[in-house]
Amino acid sequence: MTRTTPLILVVDDDPSIRQTLTRELALAGYDAISAADGVEGKAVFEERRPDLVITDLAMPRLDGLGLLAAVRKMDATPVLVLSVRGEEEDKVRALDLGADDYVTKPFSLRELFARLRTQLRRAGAAAEVLRFPGLEIDLARRAVVQEGREIRLTPTELAILELLASHAGRPVTLRQIIATVWKGAPATTADTVRVHVGSLRRKIEPDPGNPRYIGTEPWVGYRFLAEEEQGT
Amino acid sequence: MFSTLQRARALAWAAVPLALALITAAGRWAGANAPTIGSIYLVVVLGLAAWGGWAVGATASVAAMLCFNYFFLPPFGSLNIAEPANWVALLSFLAASTFASRLVANARRQAEEAQRRRREVETLYDLCFSLFAVSQRPGVLGEAAARTLRALGADTGTLVLLDDQGGEVVSAIGEERLEIADAALARAREGRIFELAGRVHIPLEVGGRVNGVLVARGIAAPRTVLEPAGRLLALAVERERLLGEAAHLEAVRESDTLKTSLLRAVSHDLRTPLTAMGLEVESLGCHLADRPEAMASVRGLSLEQERLTRRIDNLLALARLEAGLARPHPEGVPPGSLFRSARESLELILAGRPVEVRVAPRCPDLWADPSLALEIVVNLLENAARSAPAGSPLELAAAPAGPGRVRVEVSDRGPGLPAGVRRMLQTPRDLRPGAAQGSGDSASGGLGLRIARSFAEAGGGSLALLDRAGGGTVARLDLPAAPEAEEGEA
Chain A
1 MTRTTPLILV VDDDPSIRQT LTRELALAGY DAISAADGVE GKAVFEERRP
51 DLVITDLAMP RLDGLGLLAA VRKMDATPVL VLSVRGEEED KVRALDLGAD
101 DYVTKPFSLR ELFARLRTQL RRAGAAAEVL RFPGLEIDLA RRAVVQEGRE
151 IRLTPTELAI LELLASHAGR PVTLRQIIAT VWKGAPATTA DTVRVHVGSL
201 RRKIEPDPGN PRYIGTEPWV GYRFLAEEEQ GT
Chain B
1001 MFSTLQRARA LAWAAVPLAL ALITAAGRWA GANAPTIGSI YLVVVLGLAA
1051 WGGWAVGATA SVAAMLCFNY FFLPPFGSLN IAEPANWVAL LSFLAASTFA
1101 SRLVANARRQ AEEAQRRRRE VETLYDLCFS LFAVSQRPGV LGEAAARTLR
1151 ALGADTGTLV LLDDQGGEVV SAIGEERLEI ADAALARARE GRIFELAGRV
1201 HIPLEVGGRV NGVLVARGIA APRTVLEPAG RLLALAVERE RLLGEAAHLE
1251 AVRESDTLKT SLLRAVSHDL RTPLTAMGLE VESLGCHLAD RPEAMASVRG
1301 LSLEQERLTR RIDNLLALAR LEAGLARPHP EGVPPGSLFR SARESLELIL
1351 AGRPVEVRVA PRCPDLWADP SLALEIVVNL LENAARSAPA GSPLELAAAP
1401 AGPGRVRVEV SDRGPGLPAG VRRMLQTPRD LRPGAAQGSG DSASGGLGLR
1451 IARSFAEAGG GSLALLDRAG GGTVARLDLP AAPEAEEGEA
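Heads up: the sequence lines are chains A and B, in that order.
Quick note on numbering: my numbering labels position 33 of the first sequence as 33, and the sequence is numbered without any gaps.
Counting from 1 along the second sequence, just add 1000 to a position and that's the residue number in my numbering.
Hints are computed from structural coordinates only; laboratory data are not their basis.
Some hints could be false.
Chain A stretches covered by chain B per the calculated footprint, using a threshold of three residues with CB under 8 Å from any CB of chain B [unchecked claim]:
#, region
1, 39-45
2, 96-107
3, 136-148
Taking CB as the label site, the calculated pair distances span [unchecked claim]:
#, chain 1, residue 1, chain 2, residue 2, range
4, A, 122, B, 1464, 43 to 53 Å
5, A, 47, B, 1460, 44 to 54 Å
6, B, 1248, A, 69, 32 to 42 Å
7, A, 47, B, 1356, 53 to 63 Å
8, A, 134, B, 1297, 37 to 47 Å
9, B, 1260, A, 27, 30 to 40 Å
10, B, 1297, A, 117, 27 to 37 Å
11, B, 1404, A, 134, 47 to 57 Å
12, B, 1269, A, 117, 45 to 55 Å
13, A, 152, B, 1287, 46 to 56 Å
14, B, 1287, A, 150, 47 to 57 Å
Glycine included, each C-beta is placed from N, C-alpha and C at the ideal position.
Can you build the whole structure from these sequences, using the hints too?
In structure tokens form, the structure reads like this:
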């Protein structure tokens, strides 16, 4: 796909949100198109192949989860889900089905655009070393250096940190962590993950009570908060 | 049934002299010899025994012996016997005919018994079948009772359902209604069939529990089927009860589903326009960034939108609580993250107000549902911001509070708690919005505090509002601490 400006598809059954978002996206320098439900969204996606999809979850005809499944069959295009507070299960299900991020209604444009930029930036070659302010993760050497000092992590903690850091700015669900770090071992529970994240935080966070790197996403899992430093 | 049997017996008795007279006359006329006529007598005696039973057979054999002796053994015409050999013949005839008629009568009786049992089984089978057919349709116990009574051949009867409190008459058949005395009900609870005042009382027992009693008059069926019939009807009653319970549970479940989907719809429908409104206001802010006088209005709009969002969050949280849908999913929540999220949620309400955050070193994570914990802290913080004078500082603090507990405090320098809110927080769990009626704005603030307390309690914690030394209020939230991670390998 050779586009100079990213094409964003907005799928929401509410016309006000659809109009405002497409207008604001256009003002922010993106190309924006919209669809009123999952069926229409799927058709538009097939035709235009946008670079990113923003979709509501509750929609007539085909809901956001259905659209997500259809998109995932065609492409790995980032999908950002608009969820509603109190419907955490839907949000988690969407993430487990392959959604890349979510914002919770009512959200702000600032928040939405920040998430959107993270998703669009995501593409790129896998780096050998992940560099964050005050923290370096050397994936090849499997070493973690904080403020110039090497930190000793258990293999489980290191695996969790690598997973979260390589998804910096994006949420990672508990299920994804269990699947990647524990290879889906049946006895692994959410609490096991939480206990290991707790000890990881105590090792890498300057102030574990006020995490700088590993943020908790209520109901969902975790999000690596720090932004990767660009350059070597 | 009984009368036909009795008629058969009477006929058999009458047939004894007739048959013997006929055989004797025919034998005399034909000049039959003693062995021939003896065997004919034997056949007739066996036939009579089979017809009329053992007593008829025995009588017939004695009478046949006398006829045989009188008419066919010399000297003829007397009961004397000339030859000793004929004594042997006569006695063996008597023994053979008596013994054989006994056997025949027994066989006959057993056949009748088998027949009777077959009829009982048929009765019960029919009853079973019809009760099963009836109980496919709920709410027709009366019909089940009527079918049972008909199967038993009763002309009048009543079914009384028994529970722990007493009895309830559900149906009756027949001309008159049978009144059942309490004493009879009490006796029925013992579980044995009894007769009282010409009525048969059949307790309906299943699993060691008497769940009803069937009272009937004029039962034609044998007593032996009453108990199994009672058990069948008891099963039908039990099934009816279980069906009722299942329907009730189903209704409860459906109402929960309805509540959930209603809440979801309301939540979605309220938040969507609110989101659209917020986006428009934000967009307006971008366009008017260089016009300070317009920006004041935009900020005002944003603030109101945020407040409206909080109100809706509170009301929906309250609805979830009341509908019993707020089930906490605890996980480790670092107090610092919680405070940050809370401040972000109240960005505009807290604008221009210093908020001091203190997390004690080595303070454990909270073990709480993150959404509920956020709701609690946001409500406490909003309440503090509302009551304290503009620009006065607020404080957020977290520290360990004894083993396995974390204490979170939200402090302000406001005028202290209004008496109404304090009183309201002391009354247990009255979450009705009306109950929060205080003076002006404190009503909604009170609602927020109530929700905070309910969520705290739902998460195994507690919330107290205290006067702060030097003026103001401290909202003190105690929550469980997250379990300590074990050092070492996974």
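How the hints compare with the structure:
Coverage of the region 39-45 of chain A by chain B is violated. Counting CB-CB distances below 8 Å, 0 residues qualify, and the rule asks for three or more. Check result for the region 96-107 of chain A against chain B: holds, 3 residues qualifying (beta carbon to beta carbon below 8 Å, three or more required). With 0 residues bearing a CB less than 8 Å from a CB of chain B, the region 136-148 of chain A misses the requirement of three and the coverage assertion fails. Our hint of 43 to 53 Å for residue 122(A) and residue 1464(B) holds, since their Cβ atoms are close to 46 Å apart.
Checking the proposed 44 to 54 Å range against residue 47(A) and residue 1460(B) shows it holds: the Cβ atoms sit about 53 Å from each other. Separated by about 38 Å at the C-beta atoms, residue 1248(B) and residue 69(A) satisfy the suggested range of 32 to 42 Å. Between residue 47(A) and residue 1356(B) the C-beta distance comes to about 54 Å, which sits within the given range of 53 to 63 Å. For residue 134(A) and residue 1297(B), the Cβ-Cβ distance of about 41 Å falls inside the hinted range of 37 to 47 Å, so the restraint holds.
A hinted range of 30 to 40 Å for the beta carbons of residue 1260(B) and residue 27(A) is consistent with their spacing of about 39 Å. Range check, residue 1297(B) to residue 117(A): Cβ separation about 29 Å, and the 27 to 37 Å hint holds. Between residue 1404(B) and residue 134(A) the beta carbon distance is about 32 Å. The supplied range of 47 to 57 Å is therefore violated. A hinted range of 45 to 55 Å for the beta carbons of residue 1269(B) and residue 117(A) is inconsistent with their spacing of about 30 Å.
Between residue 152(A) and residue 1287(B) the Cβ separation comes to about 53 Å, which falls inside the hinted range of 46 to 56 Å. Evaluation of the 47 to 57 Å hint for residue 1287(B) and residue 150(A) yields a pass: the beta carbon distance comes to about 50 Å.
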